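We have chain A already, so just place chains B, C, D, E, F, G and H on it with the hints.
Protein chains in written order, with the working numbering: chain A, 1 to 253; chain B, 1 to 253; chain C, 1 to 253; chain D, 1 to 253; chain E, 1 to 253; chain F, 1 to 253; chain G, 1 to 253; chain H, 1 to 253.
There may be inaccurate statements among the hints.
[Stated by the list, open to error] With a Cα cut of at most 16 Å, we get these calculated EDC-like pairs of lysine to aspartate or glutamate:
1. E:Lys59 with G:Glu104
2. G:Lys14 with B:Glu20
3. D:Lys97 with D:Glu87
4. E:Lys7 with H:Asp22
[To be verified] So these bits of chain A aren't anywhere near chain D, every CB distance computed over 10 Å:
5. Lys14
6. Lys59
7. Ala86
8. Thr96
9. Asn98
10. Ile109
11. Arg151
12. Gly159
Please keep in mind that the hints were generated in silico from the structure rather than gathered at the bench. Owing to the predicted nature of the structure, the values given are computational and were not obtained by experimental measurement. Every residue, glycine too, gets a C-beta built ideally from N, C-alpha and C.
There are 8 protein chains.
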Amino acid sequence: MNRDSIKDLLLKYKNDELSEDDMLKNIEELPYSDLDYAKIDHHREIRNGYPEVIYSEGKAIKHIVGIVENMLSKGEENILLTRVNAEIYDALQSITKNLDYFEEARIIIVNPKVKATTDTSILVLAAGTADYPVAEEAAITAEVFGNRVERLYDVGVAGIHRLLSKIDVLNSAKVIICVAGMEGALLSVVGGLVDVPLIGVPTSVGYGANFGGLAALLAMLNSCASGSSVVNIDNGFGAGYLASMINKQGGIK
Amino acid sequence: MNRDSIKDLLLKYKNDELSEDDMLKNIEELPYSDLDYAKIDHHREIRNGYPEVIYSEGKAIKHIVGIVENMLSKGEENILLTRVNAEIYDALQSITKNLDYFEEARIIIVNPKVKATTDTSILVLAAGTADYPVAEEAAITAEVFGNRVERLYDVGVAGIHRLLSKIDVLNSAKVIICVAGMEGALLSVVGGLVDVPLIGVPTSVGYGANFGGLAALLAMLNSCASGSSVVNIDNGFGAGYLASMINKQGGIK
Amino acid sequence: MNRDSIKDLLLKYKNDELSEDDMLKNIEELPYSDLDYAKIDHHREIRNGYPEVIYSEGKAIKHIVGIVENMLSKGEENILLTRVNAEIYDALQSITKNLDYFEEARIIIVNPKVKATTDTSILVLAAGTADYPVAEEAAITAEVFGNRVERLYDVGVAGIHRLLSKIDVLNSAKVIICVAGMEGALLSVVGGLVDVPLIGVPTSVGYGANFGGLAALLAMLNSCASGSSVVNIDNGFGAGYLASMINKQGGIK
Amino acid sequence: MNRDSIKDLLLKYKNDELSEDDMLKNIEELPYSDLDYAKIDHHREIRNGYPEVIYSEGKAIKHIVGIVENMLSKGEENILLTRVNAEIYDALQSITKNLDYFEEARIIIVNPKVKATTDTSILVLAAGTADYPVAEEAAITAEVFGNRVERLYDVGVAGIHRLLSKIDVLNSAKVIICVAGMEGALLSVVGGLVDVPLIGVPTSVGYGANFGGLAALLAMLNSCASGSSVVNIDNGFGAGYLASMINKQGGIK
Amino acid sequence: MNRDSIKDLLLKYKNDELSEDDMLKNIEELPYSDLDYAKIDHHREIRNGYPEVIYSEGKAIKHIVGIVENMLSKGEENILLTRVNAEIYDALQSITKNLDYFEEARIIIVNPKVKATTDTSILVLAAGTADYPVAEEAAITAEVFGNRVERLYDVGVAGIHRLLSKIDVLNSAKVIICVAGMEGALLSVVGGLVDVPLIGVPTSVGYGANFGGLAALLAMLNSCASGSSVVNIDNGFGAGYLASMINKQGGIK
Amino acid sequence: MNRDSIKDLLLKYKNDELSEDDMLKNIEELPYSDLDYAKIDHHREIRNGYPEVIYSEGKAIKHIVGIVENMLSKGEENILLTRVNAEIYDALQSITKNLDYFEEARIIIVNPKVKATTDTSILVLAAGTADYPVAEEAAITAEVFGNRVERLYDVGVAGIHRLLSKIDVLNSAKVIICVAGMEGALLSVVGGLVDVPLIGVPTSVGYGANFGGLAALLAMLNSCASGSSVVNIDNGFGAGYLASMINKQGGIK
Amino acid sequence: MNRDSIKDLLLKYKNDELSEDDMLKNIEELPYSDLDYAKIDHHREIRNGYPEVIYSEGKAIKHIVGIVENMLSKGEENILLTRVNAEIYDALQSITKNLDYFEEARIIIVNPKVKATTDTSILVLAAGTADYPVAEEAAITAEVFGNRVERLYDVGVAGIHRLLSKIDVLNSAKVIICVAGMEGALLSVVGGLVDVPLIGVPTSVGYGANFGGLAALLAMLNSCASGSSVVNIDNGFGAGYLASMINKQGGIK
Amino acid sequence: MNRDSIKDLLLKYKNDELSEDDMLKNIEELPYSDLDYAKIDHHREIRNGYPEVIYSEGKAIKHIVGIVENMLSKGEENILLTRVNAEIYDALQSITKNLDYFEEARIIIVNPKVKATTDTSILVLAAGTADYPVAEEAAITAEVFGNRVERLYDVGVAGIHRLLSKIDVLNSAKVIICVAGMEGALLSVVGGLVDVPLIGVPTSVGYGANFGGLAALLAMLNSCASGSSVVNIDNGFGAGYLASMINKQGGIK
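Bound-form chain A, shown alone (with noise of 0.2 Å):
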């Protein structure tokens, strides 16, 4: 419900069209359903044009299937699913061939449409080879998403060098997302040289006393260097989110 359609309530009431009692109800249930529902959706549509995103891991494939049609009933484009896998990919196909399958990153893109894209660009870096899942679900959740991105990918600390003689395509970003496992140190390597804001993303790539991404995550979180904050573990949608929206108050308005 809208600012129009309050005035046409407003208008009837005034009207005698309607009685003081409906007004009243209709005023009191405003808030809380159809219009903060439709005040976060238009929200969400106006600004980046993309329905609710729907994370698969941990529900069942009929669920997934029967959330996809009803959007596609709704002719919502630009459907993103996170964490999926070949089964649902499979299921998926049964009700639309329609669809984009980034099987690394396991995102789906049903009804894909191609968007304008940002000037300024999103860079994704990640340390190491293990590390490109959750690289690749922050890039192509940021590319869904209207923007501009670059891969720097294989540039862990240990061999440094690789990642100084970068140095022109981290200043030219606008944001910057930083996957790492092991010991997550890149983060604090790219904070040193560049004065973007940085997304830590930690992985649960490592083993022994890494204890699940726990070992990365500490290490983001007590980084010295200023103007970066972190994500939960393996949280490649997140960072991509997170990114698009910095990204885009600058270069689109």
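Structure of chains B, C, D, E, F, G and H alone, referenced to chain A:
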């Protein structure tokens, strides 16, 4: 050392005012010391006009005084010291009277100088009264770096109506800092209400199974709200610095 | 052994049908064995009419079948088994067809029998889709014990309007169960909206720094909302049982 | 803002004493501000007749004094402050002499006023002498909220006969609070003896591998006794408040 | 090298059949090699008549078979293997049919031989059905080492009357092993009832905040009952072995 | 209430000096109160002649004094207080001068009385100098309970020859207490050298990743040496008490 | 790029064969790219003659094959792959038959080539049979890098005589690697016996409160023996590599 | 007992001044006592010329003074005390004025004596100003043991140019000690730049989710740079001692 001073060196070398050996020595030192050092400094100076920040906790007072004296001798302005106490304030007064002391935020600014301020604003939310010092550390940091800052304190989720009644304030911010101890739920709720970048600052406020801020930290990292990230426990400065970076990307250029 | 059988013993002793030694032996055994055992069992039967609940996880199937057979032989009704799976269901069908299987809630009821139901109701909230199995375990447990149960699922704080739009439902419950994984913020928000006893059930739903439900558990324990307490991670049964106790205190007597 | 004041607005709008724009503005603000705020407050006042509770730990004394002064100016009675110390007590005496100080329970009640008390009672159990402060915090909280409270202290499981000899006391309570540090086994044992709601309060009493109450907390969460739940470590107030809610459901209406 | 071979050396040296240097060399090597090795082995054989125990978990089956073959070739009896599975049992049958397999306890005894048994007994308590495998590992270990063993299972504190009704059994044991998962409260309760050495065996039985036995381990370590100690989680063998040591101190000499 | 007093009751009842109702009431109260209480106390008194031990940490001094006064009024001897400090010692001197204060072991014995001592002995090992207080707590506890105690301190594994040179002392003990902080390796080494029951006492001695004794605790729990178990961190009393139980089983009867 | 090529550039610039702009570009790129990259690679090749090591865990097989193919095309010898499995071995055989597969150590060497070996040796100790894979990973790594390696397995502290009997072997090593799970006490004992650098490798071997190697890790970090340090849990390769570095410092130059 | 005294025994036995039984007894006791003790001590003295190091933390001052007095009476030089404070310094001055006190490093050397120094050097790196005390403990320890030591402080990765500009210093060291708190990334970066043994010393410097050095410890253990290992948190002495061992292997022999 900047590009111009390198040009000078090259010219001198060409004119035989500089030997090959000296030229080689200068070149070899360039990237690692002066040029690199200068690049970062200039970068920093050009963008926000502030020298290095001094994190005071754990440093000897004589060292802090020494660093500030050195910076004053170079004419630095708006020197920012975080995590200070009354003892540090007293010691610094022996070398200069030109300083502002924000006791609750544990911040001192030496040679404070009024700066132009951004049009867009950073909103700092604090869940409870006990989160004030950390919230103020974030807010004043952001102000020192030239940002307009709004404050909304004591809006914890236990009284969610206070938060909901300020939804316009939430929506008008360009970036929001959420400072919360206990269970840190504020970040998730705010994340569901707005579509701007959110920076969570878990605080060590609480008792029992709070474990020094661990409860709030884990809660914020696991927030199901998109567009948020987290800094270290009690790290108000880090949040203020990152928020400033994000806020300035669109509003100043 | 009840009061009457003790009277019999005393009479026999007085009439010299029982020696002093035998009488002493009987007295010494009284509290520890039958009388105590009987008291607790009767207590349980009288109040809610259900035998012991069988927690199935970690028990051999043959043992589970054996226990149920034994209870059936005594004519027990509404025998409740929790944490069952399809294999257990198949095994039980070999001894009786009179059983209800709630697959998602992992509950079986043998010899189900309709009971009178409370006037007041228990409300079960679930933050997300993945929390359904635990929420259903709580809801069905409460129903089996004769409570009226309302369900409100997928009302996580990231979309708080959905929760706010149901505030009448929240306020009409006599006790509320909050099932939530991730950051578990639902408990705090609900606690700020209503004034009824709240039982938090953290779930192991989540990833990364969720650490098997630890994040939600700590968040719920640290909730700043009054009137709430917490059961073990994923312990839907425990929440349902406690809610039933509370709900029946006022509504049945 | 209540229903009547909304009616007034509607009337004014109909009579053209209020412009459409102003009417729209009023409607949009309704749910988030006064009405919502008022609803919760009245709810609280109507049910138990007490204003907000002040958790004193971590708050500046001047702030605590300020809050109490404000509440006194509105004529509030039975203002409850928890986690106080002698210093706070001294400071409060400068603004009013009408206060009760429970030193061991670390509670102050300003403007205390005798209230009618419930017929049913809350039983507070404490395992050891060192658990007294937390137990008293729970007991006095419950008394302040108008409940009859029974106390049974030093009944730890190492001397289980002391507990067993009081089984009548256990069975006559409407809700039981179990306060225990060390291994927190009291909750499980009591849970096996009675069929009333149990609230466990793990305390930080202990040493070595107790880890500040973690041992008791985990033990209580894993209790195999049905009908129990747990509050935060040392959270006597939370237990007393919840117990009051439960106790009043049946006994007062 | 034994006492006799040393005598030989001394004689040779005295008779100048061995140089002073060679004699010195022999003496210096003595403690580190054979004599020390022999001493410990004999000690073990003399006292309880059993060879080294084989902990099977994590060992390759071919290695386990090899070790047993080697021991059989030396005529060892009552060879004890713990943490075995069906696969190991099958493999061992290819080299000998003379073995007992306790499936639930995961124990195999090769070349079993009946031994004289102690007069005094070890009591093994298990809190719940799921603790049986660990309890049986303890019980059978103790029996293999020649102890009389009593069993009392499913006597968890949630039904404390079952435990209390067996107080004579508790008091007649010379040492008690308490096997319990969940919250591990059994150790504390038993410790308050009897005055014999207690060995707690926390098990990994449980879920949620049990954290693989940590809850029971911490609870048992913090038990306020005197006379108890704890072995590693699920370490039934260790408890049985220690109990045997204690039981035999008085009863056999 | 003992067997004789029950006989009296039975006789009175038979002689009609006691009504059936009164007899029933007496019987019902028997197990839970006096008889049970008396049984445990007598058990304790008969075996070692000592009253309840007073753990002083966390108790108010006035309470400690009160408990001791009460025990003195009943003529108790050898009243043992653990974890005392100088302040407690001073306070107790105001009520009696007949007390021994072991400052390093933090133990006071009120009304000390020489007892007969066991033939067999308990050996207390301490790895380092900093472990002395805990080792002495164990040693003196054992002595107070009438055991012969040997001490062998500063025999940590870093200088293993010191331990090996005392192998006769190790082998002559009936039970050994190993007190060790840091990495707690002493227990494992001793366990490989002897075949007597071992009680490990991890201490909080250490720094860094010692985490308050956690490192030593985990190491001791994981010891691969058979025949050992562990008490809580720094729990010298618990080790001494258990060692006394074991030592007296064979040596006194 | 080396000093000579820089001289060339300078000469060209002086002779106007290179523009100022190109000269500036060359200077700016110097440290970050080729020179740095080349330096490290040559460093590595010159010192030990081996290319980069491939850590295989978590890498896709096609990636591993691709990397090895690439290295083979450049004529690399002694290509070391760690954490391999049979599947990787099969895949690699499709591109070359010239490879050694150490199944237990999970190592493959492609294009193996015999190298001169050090005079001094590295000693690898393993506490138990289950530690073999990690110990072999360390030993073979060291051998591949051209070190003489001694092995001493199954010398855990529970049978310390086996270790003591080999004291000459311990003392003759130039560096010792201690591989141990469970309580990790081997490091401390060896540290007290010898005066050479010790590298501890905690393993995840164990159960219960071992927590995946945490117990051994903490124990080794807290070892009171001087001259030791620790690598990550199960990190045999890291230990072998470091030991090689230390061993070669004296023995080869 | 040394080789000469054994010769005496042999001679006496040969001359029938010692019976075979007494000779046998002497031989059996040999390994455990004097001979072993002497061997290790001489080893230590011969190699580095220093007596046992005294770790002062947790020791009573009177004990420390006693130990030093005893060592002085035997003419020991360069007696090293670590973790001292001013109080210990004052106490030691009462027995000797011949001592050096390094306040920041918390080290005292009694009877200091200049020693020959190694040609090769140990490099001590410190990430930040707050890591100085631990870095100095490492550096001075290494110097006391006769090593040439280089220092490079305040070279944390947030300003990586400072580190890169000193790459020659890094490469010229024979072993490098990396002292770092916060996220401990320094070790990884340095490990990627050089090919010498690296010893990581995590420090407890930091706040929030640093958890007393745990973050730096885990990060260093998970470092992906080869050739590194880690000592306990804040263990500067351990790092200095190990570095000395490694440095002297090649440079002195």
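Verification of the supplied hints:
1. For a cut-off of 16 Å, the pair hint linking Lys59 (chain E) to Glu104 (chain G) stands: about 12 Å separates their Cα positions.
2. A C-alpha spacing of about 10 Å is found between Lys14 (chain G) and Glu20 (chain B), which places the hinted pair at or below 16 Å, so the restraint holds.
3. Proximity of Lys97 (chain D) to Glu87 (chain D) is assessed by CA-CA distance (about 15 Å); at most 16 Å being required, the pair is judged to hold.
4. Our distance criterion of 16 Å between C-alpha atoms is met by Lys7 (chain E) and Asp22 (chain H), whose separation comes to about 12 Å.
5. Here Lys14 (chain A) does not stay apart from chain D, with its beta-carbon only about 6 Å from theirs, under the 10 Å limit.
6. Distance check for Lys59 (chain A) against chain D: the nearest CB is about 27 Å away, which clears 10 Å, and the non-interface claim stands.
7. Non-interface status of Ala86 (chain A) relative to chain D is upheld: no Cβ of that chain comes within 10 Å, the nearest being about 38 Å off.
8. The claim that Thr96 (chain A) lies off the interface holds: its Cβ sits roughly 39 Å from the closest Cβ of chain D, which is beyond the 10 Å cut-off.
9. Distance check for Asn98 (chain A) against chain D: the nearest CB is about 40 Å away, which clears 10 Å, and the non-interface claim stands.
10. Here Ile109 (chain A) stays apart from chain D, with its beta-carbon at least about 36 Å from theirs, past the 10 Å limit.
11. Every CB of chain D lies more than 10 Å from the CB of Arg151 (chain A), the least distance being 43 Å, so the non-interface label holds.
12. For Gly159 (chain A), the shortest C-beta to C-beta distance to chain D comes to about 41 Å, beyond the 10 Å cut-off, and the non-interface label holds.
When the structure is compared with the earlier hints, a violation turns up for hint 5 alone.
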